[in-house]
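**Q** If you read the protein sequences in the order shown, they are chains F and Z.
Whatever position you read off the first sequence (first residue = 1), add 17 for our numbering.
Whatever position you read off the second sequence (first residue = 1), add 7 for our numbering.
Hints were generated in silico from the structure; no laboratory data involved.
Some hints here could point you the wrong way.
In silico lysine-lysine, DSSO-like type, Cα no more than 30 Å apart, as pairs [to be verified]:
1) F:100 / F:279
2) F:134 / Z:78
3) F:100 / F:157
4) F:310 / Z:137
5) F:256 / F:314
6) Z:78 / F:214
7) Z:66 / Z:78
8) F:175 / F:107
9) F:316 / Z:137
10) Z:184 / Z:174
11) F:107 / F:316
12) F:107 / F:310
13) F:214 / F:314
14) F:256 / F:310
15) F:256 / F:107
16) F:100 / F:310
17) F:214 / Z:66
18) Z:137 / Z:174
19) F:214 / Z:137
20) Z:137 / F:314
21) Z:27 / Z:78
22) F:279 / F:256
23) Z:27 / F:214
24) Z:344 / Z:239
Not everything, but these chain F residues come out facing chain Z in the computed CB check (under 8 Å) [stated by the list, open to error]:
25) 218
26) 219
27) 221
28) 222
29) 223
30) 224
31) 229
32) 234
33) 237
Note that beta-carbon positions come from the ideal geometry of N, C-alpha and C, so glycine has one too.
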Amino acid sequence: MASQVMTNLDPKSRAAAKGLSDLTIRNLFIIPTIAFLIIFNIFPLLYSLAYSFTDFRASTNAPANFVGLQNYRDLLSDPFIWKNFSITAKYVLISVTGQVLVGFGLAMLLNRSIPAKGLITTLLLLPMMLSMAVVGLFWKLLYDPNFGIINYFLGLDKFEWLADPDVALYAIAIVDIWMWAPFVMLLSLAGLSAVPKHLYEAAEIDRASGIYTFFRITLPLVAPILMIAIIFRTMEAFKTFDLAYVLSSQPTTELIAIRLYKMAFQEWQTGMSSAFAYIVLIMVVAITNIYVKYLNKVKAR
Amino acid sequence: MAQIDIRNVQKFFGQHQVLKNLNLTIEDGEFVVMLGQSGGGKTTALRAIAGLETVTSGKILINGTEVQDRKAADRDIAFVFQSFSLYPHMTVRENIAFPLRAVRMNAADRDKAVSEVAETLQIAEHLNRKPSALSGGDMQRVAIGRALVRRPQALLMDEPLGVLDAKLREQMRAEIKRLHIARGSTSVYVTHDQIEAMSLADRIVILHDGVLQQVGPPDEVYLHPTNLFVAKFVGSPVMNVNAVRLEGNSVVINGASQGFHFPDQMLGHARSTAGEMTLGVRPEAVLLSHQPSDGFVEAVTTNIEPLGSHDIVDVRLGDTVLRARTESAFVSGEGQKVWARIDPSQAHFFDTATGLNLRGAN
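This is chain F alone, in the form it adopts within the complex (with noise of 0.2 Å):
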């Protein structure tokens, strides 16, 4: 059945001359991706979910004993830890409602005939590609009390953005949403671009107005793309390390991924800190999976 699927190799091809079958070239290419996924994500999920059952401590040399469930006991009964997913909670929500709201009003914005259209959006999504780390580093220097810019322009004086607990998240959020509004426009982007021109003519000569047209013929058509775009960021959100670990590290803006950080390479609870890691892939896999039934819904539709 396979090699039926497969096309022939050319006998006159030079792998045919060495006498390679077009099975072999298949598991030259194949082989080696599987290795590397079986090696680097396969077996260290496994491995840690055996961890996450032990006291194990990666910097002693003592040996694992097995406990059970005693890890998932203690973390869903540490009321620090909750507090860690609130403040993670709290930080998606801002950070995702903000990127889907800047970048899809700059998809609205740019999906009109207007002149250098090819270099702004282009500019629009330079952010996007930068490392996390250096955006960070460099809004450090941005939100700076004594030096920094924003609070010039903004004539706030010595406003302490990363320092203040109760407005460093916000301060974190607002960089998530200037470095990944892009991505959120360019999805939109490609959405609005595939709705047919000719329905808001039809919705023009029903004598639909702007706001009314946009809800009930833009976004509905749209949204099957914009949710793939929300869960994207919805899960990169949940998993933000880098950028928060870089601009501050106030007890209010430690999410879970930095507690998660810090339980497994400050305190080396390696077993602990597995179980963790499972409790959050369990909850990100849940939060997805409620965004594709609604997708599913969506696009039925």
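Guided by the hints, dock chain Z onto chain F, whose structure is given.
**A** Showing chain Z alone in chain F's frame:
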């Protein structure tokens, strides 16, 4: 319902002029069909009336009010698109109700209007389905329903049957006509299909290269084409068009050995021109006979298209070919010797240079 006036309308797309000084009055309740080749400006004219296209200069009046600077939404005109343009994410009911919801009509009136239109168009059983689940004909019915539901000033249709198959097209054509008679709505209909135009129109407007060629009822356009373009465009099979010269009372097709005898009074206008002349004869005006008789010219059949109700027979005269319409099985095959005559009362003489009908023979 409304009267539509188009006055001196010009439309440029960049350097290219699409409408050249268009003047037309569409009466209240009239069904006008704009006919022409693609690129002839008919769709542009229709979109200009709807407000989907601006005009470069000139005026468009609906019920005496100038609307050329108004948006489509403010002209109270319905439009049926060739591609249907149904909202894909809404059910048929929501699609038809859309124009009413857009102006915030209350739910009770809205439901009543929607079911009434659905009833008229026989799509009531599809109301809860999505457009993608409908056949082409039903999709077009929904599109027409959405246009009619708010009782617009006028109904504009841009090749609404263009994407349907031949049989369905014929059926929908009859339905559109029935609807028009029932509703009495002012309708403007664009098509390149002259049969559609003939069967639907109160008046046909023929546009070519942005210039209005002829306006008139279907029979007038068919029987008295003002110029060569109209003559060739209207009618199927296409009119025979041949360069001719006069020899006394005889009209000789260039390339043919013998001429056709025409009565003197039929040639008055044809004689008045000094330039080159073109003769236009519809196939039904080319008469064939098995026996030689007075006024008939010898010819040989070359090709026969049996169409059931009648045949289209090509006959060769010298170097030229004429198409004739005969009763079915009048000639049995190719290469037969027959005798042909042209009915002088149905012949048109055109000035070859200007294309204008010399109005000689009719």
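**Q** Would you mind marking each hint as holding or not holding in the structure?
**A** Results for each hint:
1. At most 30 Å may separate the alpha-carbon atoms for a hinted pair to count; residue 100 of chain F and residue 279 of chain F meet this at roughly 15 Å.
2. For the hint pairing residue 134 of chain F with residue 78 of chain Z, the CA-to-CA distance comes to about 26 Å; that is within 30 Å, so the pair holds.
3. For the hint pairing residue 100 of chain F with residue 157 of chain F, the CA-to-CA distance comes to about 25 Å; that is within 30 Å, so the pair holds.
4. In summary, the hint linking residue 310 of chain F to residue 137 of chain Z is supported, as the alpha carbons are separated by about 21 Å, within the 30 Å threshold.
5. Distance hint between residue 256 of chain F and residue 314 of chain F is fulfilled; the C-alpha atoms sit about 26 Å from each other, no more than 30 Å.
6. For the hint pairing residue 78 of chain Z with residue 214 of chain F, the CA-to-CA distance comes to about 16 Å; that is within 30 Å, so the pair holds.
7. Using a Cα cut-off of 30 Å, the hinted pair residue 66 of chain Z and residue 78 of chain Z holds, with the two alpha carbons roughly 14 Å apart.
8. Distance restraint check for residue 175 of chain F and residue 107 of chain F: the Cα-Cα separation of roughly 26 Å lies within the 30 Å cut-off, and the hinted pair is therefore satisfied.
9. A distance of roughly 13 Å separates the Cα atoms of residue 316 of chain F and residue 137 of chain Z; the hinted pair therefore holds under the 30 Å criterion.
10. In summary, the hint linking residue 184 of chain Z to residue 174 of chain Z is supported, as the alpha carbons are separated by about 16 Å, within the 30 Å threshold.
11. Distance restraint check for residue 107 of chain F and residue 316 of chain F: the Cα-Cα separation of roughly 29 Å lies within the 30 Å cut-off, and the hinted pair is therefore satisfied.
12. Using a Cα cut-off of 30 Å, the hinted pair residue 107 of chain F and residue 310 of chain F holds, with the two alpha carbons roughly 23 Å apart.
13. Between residue 214 of chain F and residue 314 of chain F the alpha-carbon distance is near 25 Å, which keeps this suggested pair within the 30 Å criterion.
14. For the given pair, residue 256 of chain F sits about 21 Å from residue 310 of chain F by alpha-carbon distance, which is consistent with the 30 Å threshold.
15. As the CA atoms of residue 256 of chain F and residue 107 of chain F are separated by approximately 13 Å, the hinted pair is consistent with the 30 Å bound.
16. Between residue 100 of chain F and residue 310 of chain F the alpha-carbon distance is near 28 Å, which keeps this suggested pair within the 30 Å criterion.
17. Taken as a hint, the residue 214 of chain F and residue 66 of chain Z pair is honoured in the structure, with Cα atoms around 26 Å apart against an allowance of 30 Å.
18. This hinted pair checks out: residue 137 of chain Z and residue 174 of chain Z have alpha carbons roughly 24 Å apart, not beyond 30 Å.
19. Of the supplied pair hints, the one linking residue 214 of chain F and residue 137 of chain Z holds, its CA atoms being roughly 20 Å apart against a limit of 30 Å.
20. Restraint check for residue 137 of chain Z and residue 314 of chain F: the C-alpha separation of about 14 Å stays at or below 30 Å, so the hint holds.
21. Annotation: proposed proximity of residue 27 of chain Z to residue 78 of chain Z holds, straight-line Cα distance about 22 Å (limit 30 Å).
22. The suggested pairing of residue 279 of chain F with residue 256 of chain F holds, with an alpha-carbon distance near 14 Å, which does not exceed 30 Å.
23. The hinted pair formed by residue 27 of chain Z and residue 214 of chain F meets the criterion: a straight-line CA distance of about 27 Å does not exceed 30 Å.
24. Pair hint residue 344 of chain Z plus residue 239 of chain Z holds up; C-alpha atoms about 28 Å apart against a cutoff of 30 Å.
25. For residue 218 of chain F, the interface hint holds, the least distance from its beta-carbon to any beta-carbon of chain Z being 5 Å, beneath 8 Å.
26. Because the smallest distance between the Cβ of residue 219 of chain F and any Cβ of chain Z comes to about 4 Å, under 8 Å, the interface hint for this residue holds.
27. Contact between residue 221 of chain F and chain Z, as hinted, is supported at the beta carbon level, the nearest pair being about 5 Å apart and thus within 8 Å.
28. Look at residue 222 of chain F: its Cβ gets to within about 4 Å of chain Z, closer than 8 Å, so that hint holds up.
29. Below 8 Å, beta-carbon pairs count as interface contacts, and residue 223 of chain F has one with chain Z at about 4 Å; its hint therefore holds.
30. Given hint, residue 224 of chain F at the interface with chain Z, holds; its Cβ is 4 Å from that chain's nearest Cβ, closer than 8 Å.
31. Using the Cβ-Cβ criterion of 8 Å, the hint placing residue 229 of chain F at the interface with chain Z is satisfied: the shortest such distance is roughly 6 Å.
32. Because the beta carbon of residue 234 of chain F sits about 6 Å from the nearest beta carbon in chain Z, less than 8 Å, this interface hint is met.
33. At about 5 Å, the closest approach between the beta carbon of residue 237 of chain F and any beta carbon in chain Z falls short of 8 Å, and the interface hint on this residue holds.
The earlier numbered hints are all upheld by this structure, with none contradicted.
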